[in-house]
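Take these sequences, add in the hints, and give me the full structure.
In order, the protein sequence lines correspond to chains A and B.
This note's numbering puts the first residue of the first sequence at 253, with every later residue one more than the last.
This note's numbering puts the first residue of the second sequence at 253, with every later residue one more than the last.
Hint data in this document are derived by calculation from the structure and do not stem from the laboratory.
Check before you lean on any hint, since a few could be wrong.
Any copy will do: because identical chains look the same in the list, a pair fits if it lies in one copy or spans two.
[To be verified] Simulated pairs of lysine to aspartate or glutamate, EDC-like, Cα-Cα distance not exceeding 20 Å:
#  : residue 1 : residue 2
1  : LYS417    : ASP281
2  : LYS605    : GLU501
3  : LYS470    : ASP487
4  : LYS470    : ASP659
5  : LYS510    : GLU535
6  : LYS615    : GLU653
7  : LYS346    : GLU665
8  : LYS615    : GLU661
9  : LYS580    : GLU535
10 : LYS615    : GLU665
11 : LYS615    : ASP651
12 : LYS448    : ASP410
13 : LYS596    : ASP297
14 : LYS615    : GLU669
15 : LYS615    : GLU406
All of these numbers come straight from a predicted model, not from anything done at the bench.
There are 2 protein chains.
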Amino acid sequence: MRTRFYNAKILTMKDGEEIIDGEIFVKDDHIQYVGPHKHEPSDFDRQINVNGNLLMPGFKNAHTHSAMVFLRSLADDLPLGSWLNDAVFPREAKLTKEDIYHLSKVAILEYLTSGITAVFEMYLTPDSIADAFGEMGMRCVQTGGLNDFSQSVEQMEDWYLRLNKKDEFNSFIPGFHAEYTCSEALLMDVAALAHKYEAPVWCHNSETKSEVESCKQKHDGLTPTQYLDSLGIFDYGGGGYHCVYLSDEDVEIFKKRKMGIVTNPASNAKLASGMLDVTPFLEAGIEMGIGTDGPASNNCLDMFREMFLTEAYAKIRQSNAAALDAAKVLHMATVGGARVMNLKDCDILAEGKKADIIMIDLKKPNMQLVNNILKNLVYAGSKDNVKMTMINGVIKYSDGEFYVGEDIEKIYEKAQEITDRLK
Amino acid sequence: MRTRFYNAKILTMKDGEEIIDGEIFVKDDHIQYVGPHKHEPSDFDRQINVNGNLLMPGFKNAHTHSAMVFLRSLADDLPLGSWLNDAVFPREAKLTKEDIYHLSKVAILEYLTSGITAVFEMYLTPDSIADAFGEMGMRCVQTGGLNDFSQSVEQMEDWYLRLNKKDEFNSFIPGFHAEYTCSEALLMDVAALAHKYEAPVWCHNSETKSEVESCKQKHDGLTPTQYLDSLGIFDYGGGGYHCVYLSDEDVEIFKKRKMGIVTNPASNAKLASGMLDVTPFLEAGIEMGIGTDGPASNNCLDMFREMFLTEAYAKIRQSNAAALDAAKVLHMATVGGARVMNLKDCDILAEGKKADIIMIDLKKPNMQLVNNILKNLVYAGSKDNVKMTMINGVIKYSDGEFYVGEDIEKIYEKAQEITDRLK
Numbered sequence: 253m254r255t256r257f258y259n260a261k262i263l264t265m266k267d268g269e270e271i272i273d274g275e276i277f278v279k280d281d282h283i284q285y286v287g288p289h290k291h292e293p294s295d296f297d298r299q300i301n302v303n304g305n306l307l308m309p310g311f312k313n314a315h316t317h318s319a320m321v322f323l324r325s326l327a328d329d330l331p332l333g334s335w336l337n338d339a340v341f342p343r344e345a346k347l348t349k350e351d352i353y354h355l356s357k358v359a360i361l362e363y364l365t366s367g368i369t370a371v372f373e374m375y376l377t378p379d380s381i382a383d384a385f386g387e388m389g390m391r392c393v394q395t396g397g398l399n400d401f402s403q404s405v406e407q408m409e410d411w412y413l414r415l416n417k418k419d420e421f422n423s424f425i426p427g428f429h430a431e432y433t434c435s436e437a438l439l440m441d442v443a444a445l446a447h448k449y450e451a452p453v454w455c456h457n458s459e460t461k462s463e464v465e466s467c468k469q470k471h472d473g474l475t476p477t478q479y480l481d482s483l484g485i486f487d488y489g490g491g492g493y494h495c496v497y498l499s500d501e502d503v504e505i506f507k508k509r510k511m512g513i514v515t516n517p518a519s520n521a522k523l524a525s526g527m528l529d530v531t532p533f534l535e536a537g538i539e540m541g542i543g544t545d546g547p548a549s550n551n552c553l554d555m556f557r558e559m560f561l562t563e564a565y566a567k568i569r570q571s572n573a574a575a576l577d578a579a580k581v582l583h584m585a586t587v588g589g590a591r592v593m594n595l596k597d598c599d600i601l602a603e604g605k606k607a608d609i610i611m612i613d614l615k616k617p618n619m620q621l622v623n624n625i626l627k628n629l630v631y632a633g634s635k636d637n638v639k640m641t642m643i644n645g646v647i648k649y650s651d652g653e654f655y656v657g658e659d660i661e662k663i664y665e666k667a668q669e670i671t672d673r674l675k
Numbered sequence: 253m254r255t256r257f258y259n260a261k262i263l264t265m266k267d268g269e270e271i272i273d274g275e276i277f278v279k280d281d282h283i284q285y286v287g288p289h290k291h292e293p294s295d296f297d298r299q300i301n302v303n304g305n306l307l308m309p310g311f312k313n314a315h316t317h318s319a320m321v322f323l324r325s326l327a328d329d330l331p332l333g334s335w336l337n338d339a340v341f342p343r344e345a346k347l348t349k350e351d352i353y354h355l356s357k358v359a360i361l362e363y364l365t366s367g368i369t370a371v372f373e374m375y376l377t378p379d380s381i382a383d384a385f386g387e388m389g390m391r392c393v394q395t396g397g398l399n400d401f402s403q404s405v406e407q408m409e410d411w412y413l414r415l416n417k418k419d420e421f422n423s424f425i426p427g428f429h430a431e432y433t434c435s436e437a438l439l440m441d442v443a444a445l446a447h448k449y450e451a452p453v454w455c456h457n458s459e460t461k462s463e464v465e466s467c468k469q470k471h472d473g474l475t476p477t478q479y480l481d482s483l484g485i486f487d488y489g490g491g492g493y494h495c496v497y498l499s500d501e502d503v504e505i506f507k508k509r510k511m512g513i514v515t516n517p518a519s520n521a522k523l524a525s526g527m528l529d530v531t532p533f534l535e536a537g538i539e540m541g542i543g544t545d546g547p548a549s550n551n552c553l554d555m556f557r558e559m560f561l562t563e564a565y566a567k568i569r570q571s572n573a574a575a576l577d578a579a580k581v582l583h584m585a586t587v588g589g590a591r592v593m594n595l596k597d598c599d600i601l602a603e604g605k606k607a608d609i610i611m612i613d614l615k616k617p618n619m620q621l622v623n624n625i626l627k628n629l630v631y632a633g634s635k636d637n638v639k640m641t642m643i644n645g646v647i648k649y650s651d652g653e654f655y656v657g658e659d660i661e662k663i664y665e666k667a668q669e670i671t672d673r674l675k
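Laid out in structure tokens, this is it:
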């Protein structure tokens, strides 16, 4: 299958902010050509006139819990404790792996509407999640949600070995929920697994002030990062989600271990956790991605919102409108995300890379007038501008229609049944 | 012209959060019926099957400078001083009233995509702005942008008398730019005008910390609100835009004078001004609206973003995920906005009210799963959910198409010419 996109503006993300006029050729799952207009009109199965709109790499949603879509708007505007203990945990306890399979599909549809081509997922049943993503044709890098009450290191080893070979859409990186939900014995086993496979390890880290404080109290003044690192968990890298309250010493550990950080600004606002200014991490050379977190704590799976908030927090925290350039945020949402997720071939648009490409509608009024397309996208863009989402060379979403091999009404219906049952 | 919307969910905003299943009949410019399904199939010029989607009052964008769309993304990520002095002011000095007419139209198109049916506008040439809104069929309440360098009280009196009679779309409320751009003599004249017509007066107020500090230095420790009130400007009410740094004493003045407040959270973030927690004002019973501010300082004209940020700021500022309920924010974005803009007939969906109605697509994945439609809308909604925007009984935008009596490509083209000329 060969596809030609022509008459396009192209933001490859290879050379910073540069946008070229040209064409992209896709063969099966990968990109064959990116560059200026080329006379090669024959030998294509389809030719798509981009009409001067923008082609760019898909967004990477670098932290999410997809199946939590069943909790969306169920118990908002509650204090965090009630939310978790009264609304989330009792319902999660009743979830089956089949439920999670069906619920994940609803989130996948929403990712497509936001131009998201890959997610970094953490939830309860990796096998059924991998099935949902594999069948719908979206990339999913999973990590363990291991804690004292759910999952085991043995299971995680099994997922690590199997899911990394499952198909072209799925992969697995070891991980655990967080310092505060895991015993030291369990964490030592995680460290042993990391050592056995020389593997990176990810977890929620320093999301709230109280998490950091209580870790310091338990562990002789050590922050979660210091404590976990002292156990050898990060000896082969990895990273942290949220990281709202890292100390300077923590940042040094992230640098030394070449670890990544994923910021989740909307979730941090909605759960009143705080505001992360990402600029010190970027200046320290730490690779960063942006994630929506789960749909119960955000509640939107929308990378445009996250990009704006990432900008907003830096500017407000520094009282400086020049605190963070839009290009850096767009890098985080695409290239940075791909790197922290170890999706080496999904970062930029270039020959040989995977064809994970989105088309941005530049004809909508929010992309007018044109002084700077990239800044228009970051500051004024919305889901409404996502005209097409292609993953692995296959168009999954175009002009509001889904091409996922299933009737979306049936996906909603099944997931709503589950939601109603769990109430 | 009689239109029947049937098979609808309806959020009238009359009774808080209640959503009913039913129908709406529109005759010419107003609503004839809102209620349960009614057997009256004949005598309609058109019958629209809402397919279970949501009808609700249009959003009121309660503070904007529409024509600034020519500055979008031109000079972002700059310190505020450079932004204003090097990018904004020199270009604004070259604007003609015809330029502003054409540029405003681009913003109007964007308002329609966000379900905005009325705006509270402040910019340089009220007559040509009123022409643009009147011709495009969108409601525009203008206020004066008067300051020491632009506009006069005589002009403002003329606009007040003429624009309030111009047509069904336009109205005018006296106003001035801000305390820091107006001499005391000018402000006294504004107060005299307010007294002559017993009229409310609006202005930018306490947007930044330095604005408040420098007012206090100049005026014996009086804040902008105290100083302006001491001149009699607010004797017949009015209100303030931004109001990020009001004191408790200021809030008392707002209460006493029955003044309104419009928050502009995205602009306050992008220009690094600060974060307003609106909850003390709401608790004080002050009527509040939400505005995007101009497209150069936001850069998006998107009420969904503003609603989320209004929530986010309250939750973060209070470190409390329960700080502000979604229903209150939706009230601000619709009913509250209409009230501060003096659009008495455009606040809710009820018999006799103006037919300013939007349709929200509930079938998009971000509106799934359904636990609470209102919270889905506020926390997860986006422009992508705006299926239709009707103003004054006329559908202006539907399924991505504009019905504004003009070719939108030509609107863009003309406005881009102006933008390029002013560079």
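request  = With 20 Å as the alpha-carbon cut-off, assign the pair LYS615 and GLU406 to within, between, both or neither.
outcome  = Neither way: LYS615 and GLU406 sit 52 Å apart in one copy and 41 Å across, limit 20 Å.
inquiry  = One pair to classify: LYS615 and GLU653, alpha carbons no more than 20 Å apart. Within, between, both, or neither?
reply    = both (19 Å within a copy, 12 Å between copies)
task = Since the copies are identical, ignore which copy is meant and state whether LYS605 and GLU501 lie within 20 Å (CA to CA) inside a copy, between copies, both or neither.
result = neither (37 Å within a copy, 61 Å between copies)
inquiry  = Please sort LYS615 with GLU665 into within, between, both or neither, judging by C-alpha distance up to 20 Å.
reply    = Only across copies: LYS615 and GLU665 sit 11 Å apart there, 34 Å inside one copy, limit 20 Å.
ask   = Between the shortest in-copy and the shortest cross-copy C-alpha distance, which are at most 20 Å for LYS448 and ASP410: within, between, both, or neither?
value = Intra 13 Å, inter 81 Å, cutoff 20 Å: intra-copy only.
query = With identical chains treated as interchangeable, where does the CA-CA distance between LYS580 and GLU535 reach 20 Å or less: within a copy, between copies, both, or neither?
reply = For LYS580 and GLU535, the Cα distance is within 20 Å only inside one copy (11 Å; across copies 39 Å).
request  = At 20 Å max between alpha carbons, let me know whether LYS510 reaches GLU535 within a copy, between copies, both or neither.
outcome  = within (14 Å within a copy, 48 Å between copies)
Intra/inter-copy verdict for LYS417 and ASP281 if alpha-carbon distance must be at most 20 Å = Within one copy, since 17 Å is at most 20 Å while 62 Å is not.
ask   = Is it within, between, both, or neither for LYS470 and ASP487, if the alpha carbons may be no more than 20 Å apart?
value = For LYS470 and ASP487, neither the intra-copy (22 Å) nor the inter-copy (60 Å) Cα distance is at most 20 Å.
ask   = Is it within, between, both, or neither for LYS596 and ASP297, if the alpha carbons may be no more than 20 Å apart?
value = Intra 27 Å, inter 58 Å, cutoff 20 Å: neither.
task = Evaluate LYS615 and ASP651 at a C-alpha cut-off of 20 Å and name the case that applies: within, between, both or neither.
result = both (13 Å within a copy, 15 Å between copies)
Homomeric proximity label, LYS346 with GLU665: Cα distance no greater than 20 Å = within (19 Å within a copy, 57 Å between copies)
When the structure is compared with the earlier hints, violations turn up for hints 2, 3, 4, 13, 15 and for no others.
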